[in-house]
Amino acid sequence: MEALTAIVIGVLTAASVYLMLARNFMRFLFGLVLLSNAANLTIFASGRMTKGAPALVPYGADAPVGVVGNALPQALVLTAIVIGFGLLAFTLALAFEAYRRMRSVDTDDMRFAEPKEDASK
Amino acid sequence: MSWVLVMPIAVPFATAVVAYLARNYPAGRWISLAGSALSLVASAVLMVAVLNEGVIAAQMSNWDAPFGITLVADYLGAVMVVITAITGLATAIYALGEIPEHVESLGFHALFQVLIAGVTGAFLTGDLFNLYVWFEVMLIASFSLLVLGGGKERLDAGIKYVALNLVSTLIFLSGIGLLYGMTGTLNMADLRDSVAAVENQGLVTVIAMMFMVGFGVKAAVFPLFFWLPASYHTPYFAISAVFAGLLTKVGVYALMRMFTLVFVGDVGFTHEILIWVSALTMFTGVIGAAAQTDFRKILSFHIISQIGYMTLGLALFTPLALMGGVFYLVHHIIVKANLFFVAGLAQQYAGSTDLNRIGGLYKSAPLLAALFIIPAFSLAGFPPLSGFWAKYLIVKAALEIDAWFIAFVALLVGLLTIFSMTKIWGMAFWKPHPDGIDPTPDRAPAGVTRAMIIPIAGLATMTIVIGFFPEPFVQFAQTAAEQLLDPTDYVETVLGVQP
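In order, the protein sequence lines correspond to chains Z and A.
Just so you know, the first sequence maps onto residues 0 to 120 in numbering that gives the first Met the number 0.
Just so you know, the second sequence maps onto residues 0 to 498 in numbering that gives the first Met the number 0.
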C-alpha cells in the first residue's frame with residue numbers, strides 16, 4: 000500500500016511539474032491543484048497506513064482499543080485541504096479577472112508590472 | 000499566563016472583524032488604528048513578560064506538548080512581535096492619508112489586520128503545522144491586499160506573487176509531511192531531539208533542504224526572489240511598506256528558527272549552502288537595484304540584497320553572527336518600511352515614482368528630504384545610524400572566522416547600496432522637476448501630509464535612537480542569539496523540565 004501511494008504521489012508531482020512549466024496560466028493552476036494533492040497525500044502517508052481500523056473510541060471507553068489508524072495526519076490533511084481550497088478559489092478568481100483585463104492567459108503576454116522583454120533577443 | 004501570548008494574535012483578529020463590519024463608515028479606519036495601538040500594548044506586555052521571565056510558553060486548550068499546539072516566545076519571537084506591532088501602527092496611521100475610501104470599503108483594514116495577525120502568529124507558534132497555517136493566513140491576506148484596487152499592473156503582479164508563493168507553500172507542506180513521517184511529532188521543541196535521534200541523517204538533510212527552499216522563496220533569497228521585484232512596486236504604498244517590512248522577514252525568521260532549533264545535524268552542509276546563497280542574494284539584489292529607475296523598484300531590489308545580510312548572520316552560525324542577524328532583522332524592518340513610506344509621500348508631491356519624471360523635492364519639501372536621508376543612509380550602513388551597527392556586527396563575525404571573501408562581498412554591497420541611494424537622492428530630490436512644477440507639500444490633499452509624515456518621522460526617530468544608543472539593543476540581540484544557539488531554555492519551557 001505504501002509503495003502504491005508513493006508511486007501515485009510521484010506521478011502526481013511529475014504531472015504537476017509538467018503542467019506548471021506551461022506558459023498557459025490555467026495549466027499552471029491545474030498543476031498547482033495536483034501538487035497540492037500530492038502534498039496532502041504525502042502527509043497522509045507519513046502517518047502510516049493502517050487497514051480497516053478507524054480511530055474510533057468504543058462507547059464507554061476513554062481511548063481507542065487495539066491498533067487503530069493515526070488520526071492526526073487525517074486532521075492535518077483536512078486542514079490543508081480546506082486551506083488549499085480557499086487559496087485555489089482565490090487564484091482562480093484572480094486568473095479570471097486577469098483574463099478579463101488582459102485578454103490573455105499566456106504568461107508571456109503578462110508584462111504589465113515588469114519591463115517588456117527585449118524583442119531583439 | 001497564556002493570555003499574554005494569545006493577545007497579540009487575538010487583538011488584530013478581533014479588530015479585523017469589527018473593522019470589516021464598519022468598512023463602509025469612516026469609523027472603520029479609526030477602529031483599525033485603535034486596534035493597532037492595542038496590539039502594540041499587547042506586544043509590549045509580552046515583551047515585558049519575556050524580559051522578566053525568559054522564555055514563556057502556553058499550551059492551547061491545555062493539551063500538553065508535544066500533542067497540543069504550543070505558543071512560545073523567546074527573545075527573538077518577542078522582539079519580532081513588538082516590531083510587527085510598531086510597523087502595523089505606523090501603517091495604520093499612514094493609511095489614513097493614503098488609502099482612498101472606495102478601497103477601504105473593499106475591506107482594506109480588515110485584510111490588513113488579518114495580515115498582522117498572521118505575521119504575529121508565525122512569530123509566536125511553537126508548532127510546525129501551525130506555522131504553516133499562519134503562513135497561509137498571512138498569504139491569503141497579502142494576496143488580497145496586493146490586488147486591492149485592481150488594474151492590469153496589480154493583477155499581473157498578483158499572478159506572479161500568488162503562483163510562486165503557493166508553490167513554495169506546497170514544498171513547505173510536503174516537508175512537514177515527510178518530517179512528521181520520520182519523527183512522529185510536529186512540536187518544534189520536541190523535533191529538536193527527535194530529529195537528532197533519526198538514524199538516516201541523510202534524509203533529514205534532504206528534508207532540511209525542502210524547508211530551506213520553501214522558506215527561501217518567502218524570504219526572497221537568490222535564486223528564488225523573482226516574485227518580489229515583480230510585485231512590490233504595484234500596490235498602494237501603505238501595503239507595499241508593510242509587505243516590505245514584514246513578509247520576507249517572516250521567511251528569514253522561519254529559517255532562523257528551523258536552522259538553529261531543528262536542523263543542526265549537518266551544519267557543515269546546510270549552513271555552507273546558506274553562506275553562498277546569502278552572498279549571491281546580497282550581490283544580485285544590489286546589482287538589480289542599480290539597473291532600475293523607479294523609486295519602489297530600487298527599494299524592492301534592496302530588500303533582496305538586505306535579506307542576504309540576515310541569512311548570512313544565520314549561515315555563519317557563530318554567536319556574534321546570529322546576534323548581528325537578529326539586530327539586522329529589527330533594524331531592517333524599521334528602515335525598509337520607512338523608505339516605502341517616503342516613496343509614497345514623494346509620489347503625492349511630485350506625481351510619480353519614476354525617477355525620470357520627478358525631481359525638485361529637496362528644494363520644495365526639505366522636511367521629506369531630511370527624513371529620506373535617515374533611513375537611506377541607515378540602509379547603506381552609515382555611522383552612526385542603526386544600519387552601521389547591523390553591518391558592523393555581521394562583517395566582524397565574518398572576519399572572526401576568517402571568511403574574508405564574504406566580508407568583502409558584504410562591504411562591497413554596502414558601497415553599492417550608497418550608489419542606489421544617491422541615485423534616488425540625485426534624481427528625486429536634487430535635480431529640478433522635469434515638468435517644471437514645484438513639488439511642494441501643498442500638492443497633496445489637505446490632511447494627507449500630516450497622516451503620512453507622522454509614521455515616517457516616528458520610524459526615522461527609532462532609527463536614530465537605535466543608532467546613537469545601540470548598547471541595550473545589541474545586548475538584547477546577544478541574549479536572543481544565545482537562546483537560538485543553545486535552545487535548552489526554549490525546549491524545557493515548551494516540554495516541561497525532563498527528569
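Read the hints as simulated data drawn from the structure, not as lab findings.
Treat the hints with care, as some may be off.
The calculated lysine-lysine pairs, modelled on DSS-like cross-linking and capped at a C-alpha distance of 27 angstroms, are [said to hold, decoys possible]: (1) Lys115/Z <-> Lys422/A; (2) Lys159/A <-> Lys115/Z; (3) Lys362/A <-> Lys422/A.
Here is what the structure says about each hint:
1. Lys115/Z <-> Lys422/A: Holds: Lys115/Z and Lys422/A sit about 23 angstroms apart, inside 27 angstroms.
2. Lys159/A <-> Lys115/Z: Given pair Lys159/A, Lys115/Z holds - Cα atoms ~15 angstroms apart, limit 27 angstroms.
3. Lys362/A <-> Lys422/A: 17 angstroms, holds
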